[in-house]
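Trainee: What follows is the residue order along each chain.
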Amino acid sequence: MDKNRVSVDQLALLYLLIVMGGKFLTLPSLLAGDVGHDSWLAVTFGFVWDGICLCFLLWAIKLNNASRLDISSILDKSLSKPVSKLLLAIFFVIFVLRTNILLSSCYKMFSVTFDVSTNWIVYVLPVAALAFFATVKGFNAVARTGQLLFALILIAVVALFISPLREAEFGALLPVGEAGWGKILLTSYTRSFWFSDYIFIYFVLDGIKIKKRVFAPMLISFGVGALLSILLNAVFVSLFGYLAPQFDMAMSKIGVFSAASTTNGRWDWLTLSIWLVSVFIKVVIFIFCAYKCIEKFVGKRFVKFNWIAASVVLLTLSLPMFVSTDALLDTVVKWGVIPFTLVQYVLPLLMPLLTKVAQRKTEVSGE
Amino acid sequence: MKISFDKFQKLWQGQDDFRVRKIVCGITLNAVCLDTMCDGVKVSDFVLQPLAYITEAKNIDEIEQKLAASTGVRRPPNFFAAIEDFTNGYTLVFDEKDNCIAVDTRTAVGRSVAEPPTSMVMRGPREGFVEDIKVNITLLRKRLKTPNFKIINLAVGKYTNTAVSVCYIEGIADKRIVDDIVQRLESVKTDGVLDSSYLARYLDVNKTFLFRRVGSTEKPDIAVGKMLEGRIAVISDGSPMVLTLPYLFVEDMQSPGDYYENSTMTTLSRSLRFVSVIASVLLPALYVCLQVYNYQIIPLRFLITVLNASEAIPFSPLTEMILVLIVFDILREANLRMPSAVGISLSLVGAIVLGDAAVQAGLLGAPAVMIGALSGIGLFTMPDNTLILSLLRLAVTFVGGVMGLLGVIVSTLTIIVYLASMQDYKTPFLAPFAPDIPEDRQDAVAQIPVPNMKKRPKSIPNENDNRRG
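Sequences listed follow chains P and H, in order. Going by this note's numbering, the first sequence opens with residue 156, and the numbers climb by one from there. Going by this note's numbering, the second sequence opens with residue -13, and the numbers climb by one from there.
Calculated from the structure, these hints are not laboratory results. In this text, all values refer to a predicted model and were calculated from it rather than measured experimentally. Any given hint might turn out to be false.
[What the hints assert, rightly or not] Partial list, derived from the structure: chain P residues whose beta carbon lies under 10 Å from chain H:
1) Ser162
2) Val297
3) Glu333
4) Trp336
5) Lys338
6) Val439
7) Ser466
8) Leu469
9) Leu470
10) Thr471
11) Ser473
We put the CB at the ideal spot given by N, CA and C, even for glycine.
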């Protein structure tokens, strides 16, 4: 059995978990800082772009079903090896940066919300160990884990939402577009680093098992994920108004409204912990992809677990020890947004074409 | 095929139970048997008496025809097959030209069929497997009156030459998996097989050794039920435990009595088992990490009770819980090895005297003892994996105590990833939940009424998924 094979249904559930896993941490407060109560619009625009790109990527998946080419083969054959390596390097940087930002947000959540402060390395090592263990066991094991925990995580998210939803003053979202449509669109672009969660699919392209449908399950997942994220942003801004930019842990702050009184205990923390599982699943997948980036960059299939590649990934995870997350984010917005846009938003649009070209070249060369 | 009588005699000479009888009936014959393995009456009735009446035999073929009184007469193909038959209780008859006939004279010494102590049921059949492979196959055959019930016989173990039978239903079981199992058993190189659990280790494809990867049952009705779902049964002589393959994690949560109860009751009791297993592994860890790091999650009154109870305890919550869990494991281990009468006293001493004394002395807190005991009892709802779950419980508690909720989340995820990655004989261990196979959820934790189960489980590879055709 190919341990990296995954069905479309599994991929769809993982995608939904990933969408839910990353957007409920610091993003809502960052967006609220940029465009105020119109942050939900910025999220909506972000998802519109994501939706278009996802459709193209799904088309490419469908085209690739017969040949089962992996991302490096497609890029090598259609764009040349140097370009392929450059794109893989950009991918690696994205995965590493996003992992770092996710981990540092969780770190902050544990130290601020849960009152547990540890050293960064002590915190990162077990998570990295889990991610490398999952890499050894294969993407299929991660997908199955996602399937097993999906219902539980979804229930936790819904449980966290119910009480705040009743408390929210949605009138605070009016007038719509007050920050200016141009600014909202620009914010949506500058914060695009947080979106395009489908990029992990590039690295399991050759393992996707298509039985019947591709578009329906993936688009349903995307729709639910997008809806929940937009709703969370709207609820967050409705609850906290002008104070929203000050609360950088959206999910834990929203959860406060779920807790009735201390007599009953902070059960919102328990549901929050269950939701955190989705964040760790996202971290595991991104570390898996970063490891795969190195494998494909080197151009050699790692039959056994490669300690050097793992060490490189692990080294990059120590970044927040030297640079603050805010500084990292500023750098990404300033310098990274253009190259990142290339793989996040341009590459998916070209993927069907690139897949076709790669397939044709493969047929010609008789591989 | 020639089988040298001299060589054979030399091999067994000096053994007290080795018997040789020379008979002249036209040709000279030598009948040999192992006194301890043969039934004397059968030797007399099926071998010696018929031979005594023969006066003018010309060759061994004629002798073979005259020994028709026994149902089991055959010609061993080679020397090793002759030894195998001989040690299994067959009487061998040699002529002067080193031709050999094996006559079934096996003795039927052994335990009679009784209710197995490990799988007692309120309702349903009470027959259990015994140590005799022939009886065990009879118990299966009684329930599977079809020519499609097939048996492949093997002998495993250099010295024990243990008879092993691979049983399956042709047309239901996946033949490739049957072949795979037979191939694995044929390739076993070992001195001896004393129980089917020896074989289970060889049948574990990925050699995980952590979780049980091969099912076992002492009840023929359960074995047949599993075979009807496409599984393959492996019977080993000398063992009342019949192995079933492929094996799923949920099988350990299913009790033999589940199929004889109302499906709603079965669903409820299975859900209870499921919840108790999860609670058993996570409860001690959550108790420690909430007490140490996130006590706010605990409701205030409960927190006050816990704090009052553990105020004077000289250990940290983590040490206290680890101690409770280790003491529980020691008691369980001691209880298993004690005769049942002493075991009851030991349980009483452990549960009441030791626990109560520890709490009274202020060494352990009552909530910790209660959580430990609750978690320990819950483990027994999965009897095949109790030990490994107990170890996991210790590990998760330790990590949770050191790292808090992060530790509990990471260690739980690691366990799930590990379980999700396991796959033997094309069967994912966590099916039908991971991967999700909706059709198979009809008999996983929830159970639909048996008449509505029209399809065989998809998680177990089979050649015909329709239960009604």
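Trainee: Please check whether P/Val297 passes as an interface residue: C-beta within 10 Å of a C-beta belonging to chain H.
Mentor: 7 Å, holds
Trainee: Double-check P/Val439 for me: the hint is only fine if its C-beta lies closer than 10 Å to a C-beta in chain H.
Mentor: This hint holds: P/Val439 lies near chain H, its Cβ roughly 8 Å from the closest one there, short of 10 Å.
Trainee: With a cut-off of 10 Å, does the beta carbon of P/Glu333 approach a beta carbon of chain H closely enough for the hint to hold?
Mentor: 38 Å, violated
Trainee: Are P/Ser473 and chain H close enough, Cβ to Cβ, to be under 10 Å, as the hint says?
Mentor: Violated, because the Cβ-Cβ distance from P/Ser473 to chain H comes to roughly 18 Å (cut-off 10 Å).
Trainee: Verify the interface restraint on P/Leu469: the C-beta must sit less than 10 Å from at least one C-beta of chain H.
Mentor: 15 Å, violated
Trainee: Just to be careful: measuring from the Cβ of P/Trp336 to every Cβ in chain H, is the smallest value less than 10 Å?
Mentor: 41 Å, violated
Trainee: Min Cβ distance, P/Lys338 to chain H: is it shorter than 10 Å?
Mentor: Hint on P/Lys338: violated, closest Cβ of chain H at ~38 Å, above 10 Å.
Trainee: Should the hint that P/Thr471 touches chain H count as held when the rule is a Cβ pair under 10 Å?
Mentor: Given a least distance of 20 Å, the restraint on P/Thr471 is violated.
Trainee: Minimum Cβ distance from P/Leu470 to chain H below 10 Å?
Mentor: 20 Å, violated
Trainee: So, P/Ser162 near chain H? Judge it on the closest CB pair being under 10 Å.
Mentor: At 7 Å from the nearest chain H Cβ, P/Ser162 passes the 10 Å test, so the hint holds.
Trainee: With a cut-off of 10 Å on the beta carbons, see whether P/Ser466 makes it to chain H.
Mentor: 20 Å, violated
Of the numbered hints listed earlier, those contradicted by the structure are 3, 4, 5, 7, 8, 9, 10, 11.
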